[in-house]
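Asks: Given next are the chains, with one letter for each unit.
Number of protein chains: 2
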Amino acid sequence: MADTVLFEFLHSEMVAELWAHEPDPGPGGQKMSLSVLEGMGFRVGQALGERLPRETLAFREELDVLKFLCKDLWVAVFQKQMDSLRTNHQGTYVLQDNSFPLLVRMASGLQYVEEAPKFLAFTCGLLRGTLSTLGIKSLVTTSVAALPASKFQVVIQRP
Amino acid sequence: MADTVLFEFLHSEMVAELWAHEPDPGPGGQKMSLSVLEGMGFRVGQALGERLPRETLAFREELDVLKFLCKDLWVAVFQKQMDSLRTNHQGTYVLQDNSFPLLVRMASGLQYVEEAPKFLAFTCGLLRGTLSTLGIKSLVTTSVAALPASKFQVVIQRP
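Protein chains in written order, with this note's numbering: chain A, 2 to 160; chain B, 2 to 160.
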């Protein structure tokens, strides 16, 4: 239904708008737009984190929280689950989505890989914001090897 | 569920972001941000218009198209129907939502009425964009008398 794609359409418009009015099209300006998007994602993630039905889940371990992101958060936002979750058991987690919805509409091809960060920044923030609401400070980065597969690396920041 | 509020959260962030970086906080700058939001709404409306299940409906009359906006479009975006639709039968339609979701979270009170246009511009564009996909050129304006009730006035542009 339309509400499934509403978020995707709005997200594309947001990306287009931020890049259209970019005062500095060089790496500095690009970085600023990415951090604006990441910040928006962070605040949306914080707000969503308060809404998701986490009462049903007892978060005994950090891994439970990450599983919650891969399942509940991903379903709420993208109507699908994350494809895999790996960890080194030392606070680093790699979440992989083999067909990340915000990249699916991009034509695949190596030449588009450098455009991918624009379409991932908001979601990095979303993960960081949701984790923050759940009491976990983190750094979230991303990598794309073959579109539309995406990896999100979450590194937990210990106090 | 969270996906219902995702659009609302993202919309708030978009409004906040556009006003945070407003180069000119006077009426001119305000007007530019409103038109940026309206333009984003227009393009999202165009895209949504192509997706909504309009095959089920035979649009024999203009009024059918307006009813489609009040029902199908509103449910897809806001999970509720518009509260009333009136027309002068000369191409002007007034669509009223007694509890417009994007204004519900604002505290009610006369002092907030002047903030309301920011939260209505995207939706004016959304209506105009959906109508455009359905082959109707229009002008959409809005008025708020008592928050969170909102009126959208659609004036059809005849060729």
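Quick caveat, the hints were computed from the structure, so don't treat them as lab data.
It is possible that some hints are incorrect.
Taking lysine to aspartate or glutamate pairs in the DMTMM-like style, the calculated list, with each CA pair at most 25 Å apart, reads [unchecked claim]:
{"#": "1", "chain 1": "B", "residue 1": "K72", "chain 2": "A", "residue 2": "E9"}
{"#": "2", "chain 1": "B", "residue 1": "K32", "chain 2": "A", "residue 2": "E18"}
{"#": "3", "chain 1": "A", "residue 1": "K32", "chain 2": "A", "residue 2": "E51"}
{"#": "4", "chain 1": "B", "residue 1": "K32", "chain 2": "B", "residue 2": "E62"}
{"#": "5", "chain 1": "B", "residue 1": "K152", "chain 2": "B", "residue 2": "E39"}
{"#": "6", "chain 1": "B", "residue 1": "K119", "chain 2": "A", "residue 2": "E9"}
{"#": "7", "chain 1": "A", "residue 1": "K119", "chain 2": "B", "residue 2": "E39"}
{"#": "8", "chain 1": "B", "residue 1": "K119", "chain 2": "A", "residue 2": "E63"}
{"#": "9", "chain 1": "A", "residue 1": "K138", "chain 2": "B", "residue 2": "E18"}
{"#": "10", "chain 1": "B", "residue 1": "K119", "chain 2": "A", "residue 2": "D65"}
{"#": "11", "chain 1": "A", "residue 1": "K81", "chain 2": "B", "residue 2": "E115"}
{"#": "12", "chain 1": "B", "residue 1": "K138", "chain 2": "A", "residue 2": "E18"}
Asks: Would you mind marking each hint as holding or not holding in the structure?
Replies: Consistency of the hints with the structure:
no. : hint             : verdict
1   : B/K72 <-> A/E9   : 22 Å, holds
2   : B/K32 <-> A/E18  : 16 Å, holds
3   : A/K32 <-> A/E51  : 29 Å, violated
4   : B/K32 <-> B/E62  : 34 Å, violated
5   : B/K152 <-> B/E39 : 16 Å, holds
6   : B/K119 <-> A/E9  : 21 Å, holds
7   : A/K119 <-> B/E39 : 22 Å, holds
8   : B/K119 <-> A/E63 : 40 Å, violated
9   : A/K138 <-> B/E18 : 24 Å, holds
10  : B/K119 <-> A/D65 : 40 Å, violated
11  : A/K81 <-> B/E115 : 40 Å, violated
12  : B/K138 <-> A/E18 : 24 Å, holds
Hint compliance for this structure: hints 3, 4, 8, 10, 11 are broken, all remaining hints hold.
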